[in-house]
Amino acid sequence: MELSKNFEHQQAEQKWYNHWLDKGYFFSTPDERPAFTVVIPPPNVTGILHMGHCLNNTIQDVLVRRAAMQGYNTCWVPGTDHASIATEAKVVQMLREKNITKSSLSRDEFLQYAWKWKEQYGGIILEQLKKMGCRLDWNRTSFTMDDDYYKSVISVFIDLYKKGHIYRGKRMINWDVKAKTALSDEEVIRKETKQQLYYLRYSIEGTDEKIIIATVRPETIMGDSAICVNPADERYKHLVGKFALVPLINRRIPIIADDYVTMDFGTGALKVTPAHDTNDYQLGQKHNLEIIDILNEDGTLNEAAQILVGEDRFAARKKIVQLLQDGQYMEKTEDYTSEVGYSERTDAVVEPRLSLQWWVSMKELSLPALDAVMNGEIAFIPEKFKNLYRHWMENVKDWCISRQLWWGHRIPAWYDEKGNYVVAATEADAIQSYTEKYKPSGSVQLTQDEDCLDTWFSSWLWPFEVFKGYSHPGNADINYYYPTATLVTAPEIIFFWVARMIVAGKEYMKEIPFKQVYFTGIVRDKQGRKMSKSLGNSPDLVQLIEQYGADAVRFGIMISSPAGNDLLFDESSLEQGRNFTNKVWNALKLVKMWEARVSTNTATDNSAFALQWMESRLSQVKEEVETLMGQFRLSEALKTIYSLVWDDFCSWYLEWVKPGFEQPIAADVYQKTIGFFTELLQLLHPYMPFITEEVYHLLQERTDDLCELQLTPVSKPGMAILAQGNLLKEAISGLRDARNKNQLKPKEEIVLHIQTAEQDTYRTIESILAKQVNAKSIAYTTEAVAAAISVVTGKDKFYIESERPIDTAAQKDELEKELVHLQGFLVSVEKKLGNERFVQNAKPEVIALERKKLSDAKDKINLIEGTLKTL
RNA sequence: GGGAGUUUAGCUCAGUUGGUUUAGAGCAUCUGCCUUACAAGCAGAGGGUCACAGGUUCGACUCCUGUAACUCCCACCA
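The numbering of the first sequence is my numbering, which starts it at 585 and goes up by one.
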């Protein structure tokens, strides 16, 4: 069969993914093997594959594929998150394009559109994961709004309510005026924003005096309930207890004193607006101030403002500034930069707003989850995130779980027209508990809460609810697959999601949800900016996969992703990946060329050495990879395998055993080469599944598949063979370098003289050495040889005899440089050994080592000096 | 303002409990090669006072203190 010039990834990817699916390798059911379970961090149902997913899912796939090769029953559960705000925004936008407004639709009509949209576009990201080669169990695809899942979310809400962990409360919340919904603190992004600081004069009642306050939000003065100064502030002491008048509307507000106010900021006097600022609200609570809410939910001013009613808050700001100037209330303005909160979803400036919301009180629930991480029951990789987690969990705040949205899990609270309510899953249940609780006389009419639950209130159940661990407790799947093995996720959602999953796992399964959390880095672009949709700096993954191949993309992202460190994404690493697939492909082509030339002979001594050496290197690397994998150093492990394949196998081993042109190859060499190649493919397979599977099948007729092949146990590498191999490699490199520097063309043959006391060391490798440096013969000697070119490695010296006269000037220069270097080194070692305190304190093996360095350096200096004399 | 992290070759990073030569790898660069698997390749080479300043030690990239720069998280300065 004729093999193509390069690896053609497109057809191989499709062929093998379908083959794996047909064979059912990815589908898992409980059996007697140990389970290795991973749940995917569910991407937004609106999502398309970006770099973060690519990194995250490649890592999971590497772990899962390796576990499968180690004999685990692996189960990697795919799925999507309903992402209430993001999806609802998408659907609203889609409707707007059809000239339909959300407000013109009933809730049910809107949800019909939303579900239709979800069916149509919601699966895109899952299809993209298939393109990447992910070993996901597609029989278990889950969605956070599946029937059972939905019921579990509602039931968890009711349960927490009954246990007293959920309450309804008026609180200052972050309000998104565009989406008209509450946001959690985590959904608010603070950005440095240039603003104006306005200094306003308030008259003091009954005097001619004025008090000047500074504010960035003059449009909220109509909501002022007080002016506050520091009690220690001499400037204002006489005013405390008096009243000021709000400009333009002349409302009478008290002047109060509180430590909260800093004397040296602004004027030291603060306007207190409890309805529109978190701190002012707390101050208001403390001093019993009136709460005057002057804003509508869309950010326009309402009747309570008295003036500028109906104007948007920012338009109102401009207009009121004019009015204040006209009325001589404006003292001055200053440029001022401060952090302003923006909605993560809509980018609207977040409005602090007093609102009635549902809350989970987290303090008590969090304790077992805090413990689980601190006592090591759950390991964080890298460990530095433990501190972050502890800090957060020890200061955990209550969780606002209601969202003013329709797409999501509707809050199971039912109200009568007076606002009395009960919590129940269905209307019938609600009527029953309402009747028990309130004993109404007539018929009961209840309406359900309009709001939905925060998306994270469903995703925190993910690790067990994908196995229906809550809806069908004790079922075979949950018993077998839970707790899961490793969660792979981005550090930015440690609080949103990771912490809460641990809380839910502890509360409902009485067990941790996962044994390890592996935090990936954040993917950044070449300029160091985080890759994000809004910056538009994330490349199109599907296009990259088409261009470079899935294996190359996986390689490129894995080679540059140390655990927990951010990674700068650069397309050149994908190129490196593609070049690597090509290298593997060409190694295959070489070995295939030998297929027809296998002889019945056995290996010569020299090939026998190559076989032993390769076997030892392979064992050594297998050991290393096992260690690195155990420490989650996936990037390091890949580098190690890469170098084993490229350098050791291709550059050294294959060249050593390669027969001459159209010469036969010994049967055992051929067979062992195929064996080595197969083991390399196995090591590489978790990272690059497609090409390895393809090459595995092309290498030999096979009835099984690589992805199911079990790893063979690691054997001890032969250290003596490895040392001899190093000697050989050093000699080859040194001699090639010498040839290069003396302008010997590759085709010019040489005669090689080896000056050594241990000829036997070279007997088993001499023909390899001769071939690699193009020597027509090798002679041994114990005496110096008169030759123009010589090379020193270790204790031995090599002389190159060439037919062509050699100019020795350059060589002489170089040797002299090396001599100076060596002599400098010698002095430093002698100094060290001459230091009494070193000899007294250092460990004996360290001293022995230094002595060896000393004698080695001396030997080498002698050899070089000898050479220099002959030149 | 509080906390965490980073700083090693032009770029991206290794460097495990301080002592395997005077610090490693990949990419990029340079030189020579279209050598019968691979120019997406082969054979070589050059390149770093380990951010800076002190300290501990016989010995520091590694441990301690301080400084600077960058990054992230948290926080109520209008």
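If you're looking for bench data, these hints aren't it; they were derived computationally from the structure.
Mixed in with the good hints, there may be bad ones.
[What the hints assert, rightly or not] No farther apart than 20 Å at their CA atoms in a straight line, the calculated lysine-lysine pairs in the PhoX-like style are these:
| no. | residue 1 | residue 2 |
| --- | --- | --- |
| 1 | K1379 | K1415 |
| 2 | K1099 | K970 |
| 3 | K1415 | K1396 |
[To be verified] Pairwise CB distance ranges, derived in the manner of DEER restraints:
| no. | residue 1 | residue 2 | range |
| --- | --- | --- | --- |
| 4 | P1123 | S1017 | 31 to 37 Å |
| 5 | A1060 | L1174 | 48 to 54 Å |
| 6 | K1325 | E1155 | 34 to 40 Å |
Heads up, the beta-carbon is just placed ideally off N, CA and C, and yes, glycines get one too.
A quick look at each hint next to the structure:
1. K1379 <-> K1415: violated (23 Å)
2. K1099 <-> K970: Between K1099 and K970 the Cα gap is close to 14 Å, so the pair holds against 20 Å.
3. K1415 <-> K1396: Violated: K1415 and K1396 sit about 29 Å apart, past 20 Å.
4. P1123 <-> S1017: 31 to 37 Å: violated (54 Å)
5. A1060 <-> L1174: 48 to 54 Å: 50 Å Cβ-Cβ, so the 48 to 54 Å window holds.
6. K1325 <-> E1155: 34 to 40 Å: Holds - the Cβ-Cβ distance for K1325 and E1155, about 36 Å, lies within 34 to 40 Å.
Checked against the numbered hints given earlier, the structure breaks hints 1, 3 and 4 and satisfies all the rest.
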